[in-house]
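Chemist: Based on the provided sequences and hints, a complete structural model is requested.
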Amino acid sequence: MAQPDVVLNPEEAGATREQELIARVQRGQNELFYELVQPYERRVYAAAMAILRNEADAEDCAQEAMLKAFANLRRFRAESRFSTWLIQITVNEALMRRRRERTVAMEGLDDRRDEETDYVPRDFADWREIPSEALERKEVRERLAQALASLDRKYREVFVLRDVEQLNIQETAEVLGISVASVKTRLLRARLMLRDLLAGGWEQGWFSRLPFAKGNKPW
Amino acid sequence: MVTGETVNCERVWREVSNYLDGDVDPTLRGAMEEHFRTCKRCTSVLEGMRNVIRLYGDERMMEVPAGFSRRLEKKLAQTARAGSRPWSTWSAWLVPVAALALFAGGLRLANSLTVTYPLKSEHAQLAHDIPPDMLVVVSADAKVFHAAGCSFIHNKDKTRTLTAKEAIREGYVPCLRCMRKYLQTASAERPAAGSEADADADGNQGLQGTGQ
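Line by line, the protein sequences are chains A and B.
The opening position of the first sequence corresponds to residue 1 in this note's numbering, with each subsequent residue numbered one higher.
The opening position of the second sequence corresponds to residue 1 in this note's numbering, with each subsequent residue numbered one higher.
In case anyone wonders, no lab produced these hints; they're calculated from the structure.
Computed from a predicted structure; not experimentally measured.
Glycine included, C-beta positions come from ideal geometry on N, C-alpha and C.
Heads up, a few of these hints could be off.
[What the hints assert, rightly or not] Just some of the chain A residues that point at chain B, by a computed CB distance under 10 Å:
id : residue
1  : 37
2  : 41
3  : 45
4  : 58
5  : 62
6  : 132
7  : 134
8  : 135
9  : 148
10 : 149
11 : 160
12 : 168
13 : 169
Modeler: What follows is the structure, encoded as structure tokens:
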């Protein structure tokens, strides 16, 4: 069972080093900032990508978010996780950029009613596990990324913050400025939809066509 | 675990996400586990969702474009070097203060250097004797204005006519030959300029001045 909130020992060790780095950068050792944020650069990019859905925009946004974090590090308080603080800055930056784009208005109108009706799973065949090792394959990663990108943005954003960025429910709600109840509802729907999208492919679609799916496992 | 509470499939689908997050009360959890034992459909939903969470939570799913890290590191290094950071330490203030001091010092130095060009000053001053509305000729690439017809005009095919006042405002200085009568002081003090005078007129006033 997924237990994303459990803090592991290596993380605790990392947290001590992180606190030290924060203090040193705050004292003026600017050159250590990259070392501080490097463990999170992928997460920062993923958060920007979830909102902007364009590689160039996401990279630009990620860089800008890092620079803002650098400029505001003095204001960081240890009571929140540094990673969450960084993701918060990134999401704010990405949302601000998206607001500047005219096309957003269209996407913002998506199905409000969806949250009022239950999503019913479509595929009830025995679940065939997609092993984590399959992620070594670019095709698998791309297929998963495609499935995620196909979700409406309100589901995609919650899912990415919670299940990709590993924020907890409360943090996800705070970063997006929505209620905890909304986070839970959207998360449920996102997870169910992704499950359906991937299940359909397993039996007769994308996954079974990959060479390793028929016993020829490259991992 | 027998709890007395039973749940149907629809209830399980509504709660399966919370269940995986450990966010259901013990009674409901027990009822759901009981349900999973007998319902293959809901077990498929549960396992699929768990699989989804594990796959997307994998580090390998967080791909960045090629060169992303290098570009980010470079950008941060540039910023760090430029010192654009919160002014959290007193030493950080030294950078702009020093820059300002250098700039101010540079201005003073530039000013002091300017007044060491006596001829330029002399020309500027003497040019006041030239009738301001007199039409004069200037040519491309030269710094001197002439009376029309002066034999020392360079680039005769690229001349334009303007008033002496305008020429002076644009930074031109009077020709030492054709404007001689207006430059009494200079002509009296200066040794008679020979054939090199036109070369002087085209840009070597500073050297001329030092010869006085």
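Chemist: For each hint, tell me whether it holds in the structure or not.
Modeler: Verification of the supplied hints:
1. 37: Holds, because the Cβ-Cβ distance from residue 37 of chain A to chain B comes to roughly 8 Å (cut-off 10 Å).
2. 41: Interface hint status for residue 41 of chain A: holds (6 Å vs cutoff 10 Å).
3. 45: 5 Å, holds
4. 58: 8 Å, holds
5. 62: Nearest chain B Cβ about 7 Å off; hint holds.
6. 132: 6 Å, holds
7. 134: 8 Å, holds
8. 135: 4 Å, holds
9. 148: 7 Å, holds
10. 149: 12 Å, violated
11. 160: 8 Å, holds
12. 168: Given a least distance of 9 Å, the restraint on residue 168 of chain A holds.
13. 169: 7 Å, holds
In this structure, only the earlier hint numbered 10 is contradicted, and the remaining ones agree with it.
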